[in-house]
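A.B. asks: Sequence:
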Amino acid sequence: MAVNTKIITAVLLASAVILGCVTVSDSSDADTGFTVTDSTGKDFLYSAPSEHIIVTGYAVTLTLIDAGMAGKIYAVDQYGADAFKDRGIELPSRVWTTTYGDTSALKSNIVHAAEEGFDKLTDTIILTTYKTDFVGSDGNGGLRSELMDAEVGFKLVPFYGSIVDYNAIVSCVDDIERISGSTAGLTEHMVSVYDSVTAAVSSEDKKDAIFIRYSSSSGWGIGVSGSIAVALIEAAGGRNIGSSAGTNTVYNQAKIVELLSNHPDALILLDSPYFDTYGGTFENFVSDVMGGEQGSHGLVKVQKTWNNYDPGAADGLLAIAHVMHPGAVDGTLEAYYVDGNGDSDNALLYIGICAAALAVIVGIVLFIRSRN
Numbered sequence: 068m069a070v071n072t073k074i075i076t077a078v079l080l081a082s083a084v085i086l087g088c089v090t091v092s093d094s095s096d097a098d099t100g101f102t103v104t105d106s107t108g109k110d111f112l113y114s115a116p117s118e119h120i121i122v123t124g125y126a127v128t129l130t131l132i133d134a135g136m137a138g139k140i141y142a143v144d145q146y147g148a149d150a151f152k153d154r155g156i157e158l159p160s161r162v163w164t165t166t167y168g169d170t171s172a173l174k175s176n177i178v179h180a181a182e183e184g185f186d187k188l189t190d191t192i193i194l195t196t197y198k199t200d201f202v203g204s205d206g207n208g209g210l211r212s213e214l215m216d217a218e219v220g221f222k223l224v225p226f227y228g229s230i231v232d233y234n235a236i237v238s239c240v241d242d243i244e245r246i247s248g249s250t251a252g253l254t255e256h257m258v259s260v261y262d263s264v265t266a267a268v269s270s271e272d273k274k275d276a277i278f279i280r281y282s283s284s285s286g287w288g289i290g291v292s293g294s295i296a297v298a299l300i301e302a303a304g305g306r307n308i309g310s311s312a313g314t315n316t317v318y319n320q321a322k323i324v325e326l327l328s329n330h331p332d333a334l335i336l337l338d339s340p341y342f343d344t345y346g347g348t349f350e351n352f353v354s355d356v357m358g359g360e361q362g363s364h365g366l367v368k369v370q371k372t373w374n375n376y377d378p379g380a381a382d383g384l385l386a387i388a389h390v391m392h393p394g395a396v397d398g399t400l401e402a403y404y405v406d407g408n409g410d411s412d413n414a415l416l417y418i419g420i421c422a423a424a425l426a427v428i429v430g431i432v433l434f435i436r437s438r439n
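Heads up, the sequence shown is in the working numbering, so the first residue is 68 and it goes up one at a time.
Any given hint could be a false lead.
[Claimed, not checked] Pairs of lysine-lysine, DSS-like flavour, derived with a Cα cap of 27 Å:
(1) K187 - K222
(2) K222 - K109
(3) K368 - K274
[As the list claims (entries may be wrong)] Ranges between beta-carbon positions, derived for each pair:
(4) L188 - D355: 49 to 59 Å
(5) T399 - E218: 21 to 31 Å
(6) L158 - V178: 21 to 31 Å
(7) E218 - V258: 36 to 46 Å
(8) N176 - S229: 34 to 44 Å
(9) G293 - K273: 18 to 28 Å
(10) T104 - D343: 27 to 37 Å
(11) D332 - T99: 48 to 58 Å
(12) E360 - G108: 39 to 49 Å
(13) L158 - S354: 50 to 60 Å
(14) S310 - E183: 14 to 24 Å
(15) V219 - S269: 26 to 36 Å
Hints in this document: simulated from the structure, not taken from any laboratory. Since we're looking at a predicted model, the values are computed, not measured. Beta carbons are placed, not taken as given, at the ideal position from N, Cα and C, and that holds for glycine.
Use the sequences and the hints to build the structure in full.
C.D. replies: The structure is reproduced here in structure tokens:
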């Protein structure tokens, strides 16, 4: 039987079209997928953004809110709830109260969520640093391993732990946007601020600075390394004088006094919990730590959103850079001086008022004498 070449040609063309369609479809599907690498270096492959997100910690919750994705938050812990309160928006229906050192209740809540529609394969659980036992030292132990155990079955559990570099903060925010499907572009502003600040301060002399935190149990601590605030100091054109104290946070008030004495014009950055949790003031710090003598040390409160892995870190970088290099970086924040640059502004004001009053009195006396 003769072979109909027209039919064969048509079949081949049709096959090519079908194969082409399949190839295009596969390519399109691949384009929608992405990989997230968390702060421990663990990769998570996504075929699409998650529809529901369980999130722990203040910073990541705030990032989701600022990214316009609050509606995707399935549940938060008590720290995430604070982010909702700070933004003045309604809390999600599920706020899970957990305590330090106890992950069993949180795990139970997460497992129960899977029974109520939270998808183990496509929805995301974001764990953060506020509880040290979420993961092991390698970032793969603790609660995450329990949740990702084959019998439990959760697949997407990124962890954001000790982030100590500005660019790593940007990467974290970018991850959160992609996980949630946000198109807010929060990282664009963060990168723009970093580029403009670092360029502006590149030719400036480095300004001495120190980051100091307070704990009711440990007292006054020096931010040596391993904190975002120190990373902001360095990116803003500063020199962290606390780097010589040791590693991690060094709780040593005598060492703080020694460092400040050796660097008489160092800028002092105080962590927000000193003010917001413990009711501290600049005046109290000068009195309790500096013996009542501030000298030429400017004081700055490090806002909670600055010393955190959220978009507000960009605001902190800009503000700190302006305080240290006001001629190079525009901004509105000014360092606080209890006594005004080593001399009391109030005292000078009072002297001026007294002098003016004295002049008036003298004038009156002279006027009265001139009439007699």
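A.B. asks: Taking the hints in turn, state whether each one holds.
C.D. replies: Against the structure, the hints come out as follows:
Restraint check: the Cα-Cα separation between K187 and K222 comes to about 6 Å, which is no more than 27 Å; the hinted pair holds. Between K222 and K109 the CA atoms are separated by roughly 12 Å; this keeps the pair inside 27 Å, and the hint holds. As the CA atoms of K368 and K274 are separated by approximately 17 Å, the hinted pair is consistent with the 27 Å bound. Between L188 and D355, the C-beta spacing of about 53 Å keeps the proposed range 49 to 59 Å intact.
A C-beta distance of roughly 55 Å is found between T399 and E218, which places it outside the suggested range of 21 to 31 Å. For the hinted restraint 21 to 31 Å between L158 and V178, the CB-CB distance of approximately 22 Å keeps it satisfied. For the pair E218 and V258, the supplied restraint of 36 to 46 Å holds, since their beta-carbon distance comes to about 42 Å. Look at N176 against S229: about 25 Å separates their beta carbons, and that is not inside 34 to 44 Å.
Taken as a hint, the range 18 to 28 Å holds for the pair G293 and K273, whose Cβ atoms sit roughly 20 Å apart. For the pair T104 and D343, the supplied restraint of 27 to 37 Å holds, since their beta-carbon distance comes to about 33 Å. At about 54 Å, the beta-carbon gap between D332 and T99 stays in the expected band of 48 to 58 Å. Remark: the range hint 39 to 49 Å for E360 to G108 is upheld by a beta-carbon distance near 47 Å.
Hint check: L158 to S354, Cβ distance near 39 Å, so the stated range 50 to 60 Å is violated. With their beta carbons about 49 Å apart, S310 and E183 fall outside the hinted range of 14 to 24 Å. The beta-carbon spacing between V219 and S269, approximately 50 Å, falls outside the hinted interval of 26 to 36 Å.
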